[in-house]
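In the order they appear, the protein sequences are chains A and B. Note that our numbering has the first sequence beginning at 1, numbered continuously upward. Note that our numbering has the second sequence beginning at 1, numbered continuously upward.
Misleading hints may appear alongside valid ones.
To be verified - Each computed DSS-like pair below joins lysine-lysine, with the alpha-carbon atoms no more than 25 Å apart: (1) A:LYS30 to B:LYS72; (2) B:LYS129 to B:LYS139; (3) A:LYS44 to B:LYS72; (4) A:LYS30 to A:LYS44; (5) B:LYS72 to B:LYS129; (6) B:LYS72 to B:LYS139.
Claimed, not checked - Footprint (simulated), chain A over chain B, 3 or more residues, beta carbon under 8 Å: (7) 38-51; (8) 162-172; (9) 202-216.
To be verified - Okay, the calculated beta carbon distance ranges per label pair: (10) B:ASN143 to A:ALA76: 44 to 50 Å; (11) B:LEU6 to A:VAL32: 46 to 52 Å; (12) B:VAL199 to A:GLY52: 20 to 26 Å; (13) B:LEU36 to A:ALA78: 48 to 54 Å; (14) A:GLY25 to B:MET47: 46 to 52 Å; (15) B:ASP78 to A:LEU74: 30 to 36 Å.
These aren't lab readings, by the way, just hints derived from the structure by calculation. For each residue, glycine too, the CB sits at the ideal point set by N, CA and C.
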Amino acid sequence: MSLGLIAIGAAVAALCGAGAALGMGNATGKAVEAIARQPEAAGKINSSLMFGLIMMETCAVYALLVGILIVFILGAKA
Amino acid sequence: MLNVTLFPTPCYVFGVNVGLSVVMAWCVMALLLTGLVLLNILVVRKMKPAPTGAQNYVELVVDGIHRWAEGKVGHAADFVAPVSMSLMVYVFFNTIVELFGLPPATKDLNCTFAIGLCVFITVNVSGFKFRGGLRGRIKGLCNPSAIVMPIRILTDLIAPCSIAIRLFANIMVGGIIMELIYMVVPIILPAAVASYFNVLHVGIQTFVVGLLSLIYVSEAIE
Chain A
1 MSLGLIAIGA AVAALCGAGA ALGMGNATGK AVEAIARQPE AAGKINSSLM FGLIMMETCA
61 VYALLVGILI VFILGAKA
Chain B
1 MLNVTLFPTP CYVFGVNVGL SVVMAWCVMA LLLTGLVLLN ILVVRKMKPA PTGAQNYVEL
61 VVDGIHRWAE GKVGHAADFV APVSMSLMVY VFFNTIVELF GLPPATKDLN CTFAIGLCVF
121 ITVNVSGFKF RGGLRGRIKG LCNPSAIVMP IRILTDLIAP CSIAIRLFAN IMVGGIIMEL
181 IYMVVPIILP AAVASYFNVL HVGIQTFVVG LLSLIYVSEA IE
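Start from the sequences and build out the full structure, keeping to the hints where you can.
Dropping the structure here:
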């Protein structure tokens, strides 16, 4: 396998970050709107926001892991 | 080229390959146990109704986590909060050793998968305990309707894998990024980045493990 294809594979894996970033931005924006509307519910909104952010962060970290494994393991073989 | 592998670093104890992470976890646990026994003798045995000195901090941590758990799982907090806190202490001290240049035990998939299994057992035991045996647990699994039961069972089975891979990937990737930064800029910058990857990141991962265990339990008992 050529090194170029491996680099393209890693780049495609990193595209997952775009989805995670969109989701995180959307969720945080909605949470800020909700807190602005109901400041007394900030605690509950924050904890559910945190749970959602953790899920999205996991998605991004999986992509990062796949990218790093492609670069270092396949790249070391090529 | 950086040497990256998913397999644990071999380490031989009496001729048996147990892996470096297990030996590290033993060392950390030995230190931790010594510290906790000292804490028990010096502070917990001498507890007074009006707290003074170190008792304040002990009460702050234990009470804080108990109250946090109560907000998530309600009356089950008496059972779940100690488990959650033990997991958090284990993850925190096994990961913070990276700050001193030692290989953290949580960088190994075996260690994090064990943590995931602990969460899985806690979730199922509390599911049986607080919903009234097998019938209640199955009823809880087909909560909106019986059709979703396979999906909910699948979700429960994936939970430990999810916790394991998340923690492992976070710690391993943090370590790789630190090593890459050491390669490119060997002075000043690593110190600044280490304050995130080796201190703040550890705190976040600890918090995440505790939060996830509480959330999975609250899903099982509600």
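* Determine which of the earlier numbered hints do not hold for this structure and return their numbers in increasing order. => 7, 11 and 15
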